[in-house]
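One-letter residues, chain by chain:
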Amino acid sequence: MDLEKLKQQFIEDIAKVQDEHSLADIETKFLGRKGELTEILKSLAGLTLEKKKVMGPKANNLRDWMSEKIADCKFQIADLKWQKIAKSEKQDINTPTLHYPLSTIHYPNGHLHPLSNFIFKIERVFEEMGFEVVDSYDIETDYYNFTALNIPPDHPTRDTQDTFYIKKINQANNKSKSDEFLLKTQTSSMQVRYMKNHEPPIKIIVPGKCFRRDDDATHSPQFHQFEGLVVDKDLTMGHLKETLSLVMRKLLGEETKIRFRSSFFPFVEPGLEVDVTCPFCKGQGCNVCKKTGWIEMLGAGMVHPNVLREGGIDPEIYSGFAFGTGIERLAMMKHKIPNIKLLYENDLRFLNQF
Amino acid sequence: MKFSYNWLKQLVAFDKTPEELAEDLSLKSVEIEGIEKFGGDFLENVVVGEIKEIEKHPNADKLQVAMVDIGASGSALSQIICGASNIAVGQKVPVARPGARLPADEIKMATIRGVESYGMLCAPDELGFGTEHAGIMILDHSLPIGKKLSEIYTDWILEGAILSNRGDLQNHLGLAREIAAIYNKSLKEENILLPEVEAVPSTSAGRHELSLQVKNQAPEACPLYLAQVIKNVKIAPSPMWLQQRLLACGMKPINNVVDITNFVMLEQGNPLHAFDYSKLAQTNAEIIIRLSTKSEKIKTLDDKEHELPEGLLVIADREKPIAVAGVMGGADSEIGTDTTDIILESANFSSPYIRRSQRALGLRTEASSRFEKGLSPYLAEMSLTRATQLLQEIAGGELVGEKIVAGDWKREQREIAVDFDKIKNYLSIDITEEKFWQILETLGFEKVETIHELSLRIPLWRIDINIWQDIAEEVGRIYGLDKVAEKALVTQTTPNTPKALYFDQTARKSLVSLGLTEVFSYAILGSDWLAKTKMLAHKHYFEITNPLNEYDYVMRSGLWAGLLKYAVENAKKFERFALFDLTKVYLPSEQDNVPSKEEKHLAILVYGEDDNEGLFVAKKYLDSFAEKFGLQFQYENDYFDDKPYKHPGRNAIVNFSSQKIGRLCEIHPNVLREIDIKKRVWMAEINFDALVDDAKNIEEGFAEIPSSVIFQEFSRFEVSKRDIAFVVDASMNTGDLADSIKSMAREIISVELFDEFKSAKLGEGKKSLAYHIVMQSAQRTLTDQEINQIMKLVSDHLVKDFGAQIR
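Chains A and B, in that order, give the protein sequences.
Counting in my numbering, the first sequence runs from 2 upward without gaps.
Counting in my numbering, the second sequence runs from 1440 upward without gaps.
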């Protein structure tokens, strides 16, 4: 039997298909147990090795091709069928057919995402300490995320915070430059915005989403941070230490201690990394803290005078401190969640545990 | 960067273990991320031996038989056969004893051409000290016979993460200075004695033989360029001590000239480069510092050809680029075994240009990673002096003329006025004035007193010190940040937390209490997913210009596509669920000072309801939500909306206060088939912000729901579902039955009632029940056979313990 002819026949037949039944007939005719192509495939066994080498691949390819066409066709038929069904299923939103109250059989309890709940906790702790909670923008300007924070263009810090840049589309009058907008890489982006619109004393906490071009076992391209900013007369490192001590005790447990390590962030001076005693081993040393008893927790420092100036505040009169950290890691420590991805997969087997 | 503990000890006398040093540095200076022992344990079995006699091997011309004293008991000598010709009686040499496991070989007693050999005399490369194999390593004669080499050569390598403002610490001298300040010691300057000579500009040298002109055409990118012509160098392997320093710091020894440039970089901090003079375009040789022009080509030392984009900083001769400045030299002017005359370059290149080159070429080298943090040009001066000294001493080079200086940089020491009391208060650290000045002076600051004030002169290598707060940091970190005394924060404001945030919190809690489960979704959507769900045409306003992959570039302007994604996997495991997402979407801005209008939306998704009721279940959720906040929504059928992802007959607009605030509809069955969801899905999305002003019953004040949940790992193996239907006494509690079924096997993860009825046919006092049973193993995918066994267990249990009739 000529494979070309068979293929032609198949093309003609499938063009005439109306519904599932006629398609099933075609499938039987060509690919069924006694289908025409099946018979050819069976007959290959009797050919010489040389002929087999030529015919075998051709016949098999044709079988694969036909199977694919039939699957496509099935999908199209189903598509048409459901188009029809959908059109016939009109419901009037204002004439409900619901005959039971929601509370009786459905969903005995929903679940709050553990990140939400941890954010509430952070907000509660700071509110109790007299902080104002402030929202922030996710799409920010380069200026507020970097330049205003003493990170001018070409500053190496920009390389370490792999930034997503944003362009505006769908607008006739698209004036935005490609590097003007970005997804904020840090909640510190709110510092200068807030300072520009408020007189000291300032005492705020900014929880919010951040984005960085990082995607692996410990990094999610989207994550959350909170940023604290206090500006007043005569603020010192001592005030920063007391505040963070108190916050970490409230967030991680009364026995928590903190320590400062020298570090560098362009928008604070001095700049600090703040470690907390490992909550898993209580500072004794374990695998989580790599036997050190400490876990790196926050970045902090005294607000750089350039940043105060950028916010319209005179650094000769006022000083300030700022601190910030990732929220995921805190929530993961609290609930012993091993992988950041679990927080964004939204698997109900995970969410239902909270 | 890698720091050698031994090297640091050579530069400053301190008495701490590598671990103690690492801890102190991490708190006060450079975070040490790891400590590694350098010099393998195999050196345990290699000892210092003294050659006492040498005879020719009786049966082999090229071999010798040495009698070596290795301090064995009874002063017995070891007979060792050796092929190298550089040995002589009286030398001290490393002897690998039988049993020593060297990197390449295990040493055994052997008989070579009829003569026994008890060990091996070692060349440097055989001990992991560089590449030299020309002869046996000759040790310092003062070393005691029999001493283990592990005791002489062990080093510890500290891996330090240098902060981005501390380019001056990317070398051993810089770190030694910090260590000196931390432990209040002084630098052992005699070990790196350098004359303090200020550079005097001159742009040419060697008027007659080996002349050179330097033209700095990019002084902004290259504030200082120093070059020294050196003739008659003898290319050879470096001395072992130098090779060892390089190896300890993770660099490969190449030849004495190249090694010296690398050694000086590791010691003094400025990357250096050496060009082969003879390979430059000749007659009046020139070095030109300039920006590349379009399509210039260079083959770098790693043998890669690069076509340079316009505007990269290059070092060129009169014809073409011979190095990508501060990143990598060119192969054409590389130092080779036949090199005799060199141009030594020590220059300062500015960080933005280096970073531009790194990005353009995808190259990051020891040199460029130093320049990228920013270095003081002063380091280039010191490094040139040091390298010139070593090239003369080690490589036998002779200077040709003076060094050439090209660039705008001038040595200028800045001064900052310092108020001790102000800094002490700022740090909240109780420190004496004496200690304060002492710390700063050990770090290289000089106290300058005038009648009116005290100032500090900033060390030339510190470009990061600009304001008095920087000084405060220096004192604070060295003295110890643990000494910061806590002070109660008395700052008080009138917090003005926006109502919208309280509404947000209360809403989430209310939605959960209605039975919805909250998801956290991504703000970035994939165009592939949007195409699949037929939502791609849905308006979006912002795109990411540099996405992680070719698809994930869409900033969401609605929540549906994101939320629908989470239904797919969950629908494979759960019969029915309801989800919500309360978060921002990104719309075109209406204000000048913000890039986008960020509007908070609430989306809900309902899955697994009866085909004809789901729409109203979803509506009921919206209404119940509204009711909690004293609000009311109106709904309006929209049969003319032909968006392909919406069911054409089950689609409504949601209105509030006569404003359209959202939409409620069934997802088109064909979209569900496309994304492989078996049952129907209903979704709603409303503008949450539009409700804030009118919403009542909002909790003021934040509070979390107390939770002590510890996450339990769940199985990711395939889930299997079976149904069972049976007849039991009508009095039976369906919940108890479900619990009892669940307890039959660990693999049963959920039991859900889905049908219950009574009828005359079943008989008086009987009812029929049907349950979905979901099974999953934590270890593997369950086989049909295993599933059947579990189901048999369940039915037997129901029959035996509850008198059930299986249907």
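Bear in mind the hints are in silico, worked out from the structure with no lab data behind them.
There could be a bad hint or two in this list.
Unchecked claim - Within a straight-line C-alpha distance of at most 30 Å, the following computed DSSO-like cross-link-like pairs (lysine-lysine) qualify:
(1) B/1971 to A/337
(2) B/1673 to B/1759
(3) A/210 to B/2181
(4) B/1673 to A/85
(5) A/82 to B/1673
(6) B/2067 to A/75
(7) A/342 to B/2118
(8) A/210 to B/1586
(9) A/168 to B/1495
(10) A/337 to B/2004
(11) B/1973 to A/70
(12) B/2181 to A/91
Checking each numbered hint in turn, tell me which of them this model violates, lowest number first.
1, 3, 4, 5, 6, 8, 9, 12
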